[in-house]
Amino acid sequence: MKKIYSFIIATVISIGIANSQTIVFSSNLSSWSGGTPNLPTDFMGSKTNLEADSIIQVTTNNMYGMYAAQLINKQSSHKRFTTQPVTVTNGKDYEIKAWVRGAGDIRFGMFDGRTTGFGYAGYSSYVSFNTLGDTMISATITCAQDTSLGQFIISVRNTMAPNDIIVDSVVVSEVTATPPANVSVYDIQYTTNTNGDSPYNGQTVNTGGIVTAIRNGMDTVGFYIQNGANASAWNGIYVYHPVQSDLLSLNIGDSVTFTADVTEYYNLTELSNVQNLTVVSSNNTVNPASVQGAAVNTEMYEGVLVKVSQATCTDPNAGFGMFKIYDNTDTVLVDDVIYKYIPALNNVYNITGVVDYSYSEYKMLPRMASDVEDVTGVNELSDNSIALYPNPATDFISVENIKGNINIIDITGKVIKTVKSNASRTTINVSGFAKGIYFIQLENGAVAKFIKQ
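Numbering (the numbering used here), first residue to last: 39 to 491.
Keep in mind the hints are simulated off the structure, nothing from the lab.
Predicted, not measured: the structure shown is a model, and the values here were computed from it.
It is possible that part of the hints are untrue.
[To be verified] Computed beta-carbon distance windows for the label pairs: (1) S163 / D91: 26 to 36 Å; (2) Y303 / T79: 48 to 58 Å; (3) S163 / T97: 24 to 34 Å.
Even for Gly, the Cβ is constructed at its ideal location relative to N, Cα and C.
All chains should be modelled from the sequences, with the hints used to inform the complete structure.
The structure is reproduced here in structure tokens:
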């Protein structure tokens, strides 16, 4: 079983915790046996090997009770000071907190009779300190065996006079972690942070979605997901998951759920440390978001499955397996991380792929042969062949001699209006549009730009 340790050293005024806790052991060291030797009755468990004459009752300057315990071990090898038996449960996490002062090295451990390590859990790391005031030191250790004879251990070494290590109070709690929140892909990705970091960065979440792409090559391995059939801004994310057996069993269109950590990997928001990966259903539809090149190069489309239409190859060899396309709005890098395609200079393409971010660049990653469509000479229309006026427009814009659906797209690539055209001239009301740049897109992929004033 994996043992997880977390360490805190802080002067305690008040403590707030996100996890719920049940106290299983507590002592302010006020109860002593009296006589010779005089020892704290809450401690001196059977695993204690610190000599009785090295455990001294302290009667002054105590914060929590009448007495405290001075632990003396000036050697570099450690000695154990353990609690009386406590019932502990396999798989449970126990947080040990001790309020201490003095000088020396201290760490924590547990005896639960496990089959490894002679029954002991691995120790936390030593904390070295030299302080006159009480300081709280803590560690969390995972139990590996049910027992009513568990003992929590304070391990000390290299103590220094005059105080050595004085233990004022000890509390051990069973920690129940708050379960991860259920969070959508959109909520993980959507951010107003100028650096692009997810608001869930550093948190563990339950999430899921439909697989849109799978990376399983020499480059980083994992898969992409989106929520629902239709891709859109902020609705896509990369899941780093270097487990070959899982990747080989996944297919595009699988709906999956899992638990993972939200991380920022060189400014790419991704999910990692995947657990409980489950395929809920298969053969689900995944549709890309139709966007302009300018939208690809933005944070909101990071991880999203997109399609850029009528884009001309301006550089078939942009280095590192990439080529460049241009669609009258911006240049887009296309990378061969998942699927390699060799384009021809000046040919026109419709390209589908997930948007990746690496080496400070956005790039599209086609997934298969059908993601790259050479449409050179097929229904090509230039900006000039779409007759639209007035341009710039204030209230209305007219399009001539076009039949079929006309999409109006904003600068982010979002379709904000669709008009059916059957007449020689179609007039479109744009009075409610915000000022800025827009695009007219025809069914054959041809586009023209206009400005709303």
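Going down the list of hints, with the structure as the test:
1. S163 / D91: 26 to 36 Å: 29 Å, holds
2. Y303 / T79: 48 to 58 Å: 53 Å, holds
3. S163 / T97: 24 to 34 Å: 32 Å, holds
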